[in-house]
Amino acid sequence: MDKKKFIQITSGEIASITHEMFFDYTDEIIRKSNPLHGERSFVLCILEQIAALLKRDSKDDKMIITHIQTLLRASLSHKEYHDFLNFMVPTKIAQYKDLDPISDIERYVLHELIQSNYHEYLLKSDFVSCCYTAMNAFLTTAYCIISKGLTQYASNIDITVDIYDTVIEITLTLVETKPDVILTCCAR
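Sequential numbering from 10 applies to the sequence shown in this note's numbering.
Each hint should be verified, as a subset may be incorrect.
Straight line, CA to CA, 16 Å or less: simulated EDC-like cross-link-like pairs of lysine to aspartate or glutamate [what the hints assert, rightly or not]:
1) 133 to 37
2) 88 to 109
3) 68 to 109
4) 68 to 37
5) 88 to 113
6) 157 to 37
Quick caveat, the hints were computed from the structure, so don't treat them as lab data. Values in this document were obtained by computation on a predicted structure and should not be read as measured data.
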């Protein structure tokens, strides 16, 4: 019987990784990551932006959805980052386009986690609200995984949260081959 391999991200690591992810000055959000420092920083920058928007008392759903859709596109290919560079710094695409890319494994994990947030919005209506704290837990998980890097597929992602849905531990069950789906469990 194969011994399962795990990656565990502890509360201390989570606190260190997410420390000062952003500063929200109401009219402007300052993010920790610079999107010109490579595709990984681009993805982290979008995650920081969404996390800041979710922390606000008044939620800008249209902006959150826009950023989630950008992340979903980025999780499918590097084209989203190249399009961003082409728009922001067209004369320097060659300089930035290959800096710190995210791997196909990280892309797959990102897609699975962000898709959950997108589906949360698809269910929203006048009678059904979003669980913004749960959405933030999934974002924090994606942020920690992309920050640390991942070189092996995960079949399960277990997210442990406190009573306020603050992530206190993340455990990934590693597998050799790409799973059809990643089972994600968020528990207190």
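Each hint, compared with the structure:
1. 133 to 37: violated, 26 Å
2. 88 to 109: The hint holds at about 14 Å.
3. 68 to 109: violated, 32 Å
4. 68 to 37: holds, 14 Å
5. 88 to 113: holds, 13 Å
6. 157 to 37: violated, 27 Å
Checked against the numbered hints given earlier, the structure breaks hints 1, 3, 6 and satisfies all the rest.
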